[in-house]
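Asks: Residues per chain, in single letters:
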Amino acid sequence: GENVEQHPSTLSVQEGDSAVIKCTYSDSASNYFPWYKQELGKGPQLIIDIRSNVGEKKDQRIAVTLNKTAKHFSLHITETQPEDSAVYFCAAAPYNNNDMRFGAGTRLTVKP
Amino acid sequence: SAVISQKPSRDICQRGTSLTIQCQVDSQVTMMFWYRQQPGQSLTLIATANQGSEATYESGFVIDKFPISRPNLTFSTLTVSNMSPEDSSIYLCSVEDATNEKLFFGSGTQLSVL
Numbered sequence: 001g002e003n004v005e006q007h008p009s010t011l012s013v014q015e016g017d018s019a020v021i022k023c024t025y026s027d028s029a030s031n032y033f034p035w036y037k038q039e040l041g042k043g044p045q046l047i048i049d050i051r052s053n054v055g056e057k058k059d060q061r062i063a064v065t066l067n068k069t070a071k072h073f074s075l076h077i078t079e080t081q082p083e084d085s086a087v088y089f090c091a092a093a094p095y096n097n098n099d100m101r102f103g104a105g106t107r108l109t110v111k112p
Numbered sequence: 113s114a115v116i117s118q119k120p121s122r123d124i125c126q127r128g129t130s131l132t133i134q135c136q137v138d139s140q141v142t143m144m145f146w147y148r149q150q151p152g153q154s155l156t157l158i159a160t161a162n163q164g165s166e167a168t169y170e171s172g173f174v175i176d177k178f179p180i181s182r183p184n185l186t187f188s189t190l191t192v193s194n195m196s197p198e199d200s201s202i203y204l205c206s207v208e209d210a211t212n213e214k215l216f217f218g219s220g221t222q223l224s225v226l
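Those protein sequence lines, which keep their order, are chains H and D.
No gaps in the numbering here: position 108 of the first sequence is 108 in my numbering, and each next residue is one more.
So the number in my numbering is just where the residue sits in the second sequence, counting from 1, plus 112.
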């Protein structure tokens, strides 16, 4: 089955800097790659996603890039703000959501 | 996206007891899932809740321990049976939005077993 690895496990940046979180996956059949943000005491919130027919997608300060050849994808957050502090999870789904597998998570801290 | 209501939001339970978690969606959805998130860990799929039939469990999870009901397209329950401290986790309900096939999560149930 699919195996997703996520790095780094923790990331601390200064407000205004950029943050990058990277994930690799093992199943070449994976074609859907969402990113979730989880704040303390809340469920994961879908913040951006990308499908395998696209190499990059951007939504305001958040962008995701996908390299299918290398089987890795990344989340980029620019101009970070303290409210970006949370745990971020990447995921990969080969066929449908039943098969979606999540990375171990990255705890992002943005220092004011 | 669908609005997912999950309750209770948290509970503290005694060893050997059972807890039933409810998940209500404001629209009909085909796919509903239950996840477990152990402290400081990632999300692990417990089972797919199938409407009108038995749930489909992932490896390592069994019906006797985690019975699931799905009486209709908007509601599901997960029971954590004969609890032990190792069952202390966040349990999350999730649904697949039929219009875009994206996965959305409820706010979770924080379970502590003493």
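If you are wondering where the hints come from, they were derived from the structure by calculation, not from laboratory data.
Given the structure is predicted, the values throughout are model-derived calculations rather than measurements.
Using N, Cα and C, we set each Cβ at its ideal position, and we do this for glycine too.
Treat the hints with care, since some could be wrong.
[What the hints assert, rightly or not] With a straight-line Cα cutoff of 20 Å, these simulated DMTMM-like cross-link-like pairs (lysine to aspartate or glutamate) come out:
#1 LYS42(H) with ASP123(D)
#2 LYS57(H) with ASP176(D)
#3 LYS177(D) with GLU213(D)
#4 LYS37(H) with GLU213(D)
[To be verified] A short, non-exhaustive set of chain D residues, derived as facing chain H with CB atoms under 7 Å:
#5 PHE173
#6 ASP176
#7 LEU204
#8 GLY220
#9 LEU223
Asks: Which of the listed hints are not met by the structure?
Replies: Hints 2, 3, 5, 6 and 9 contradicted; others consistent.
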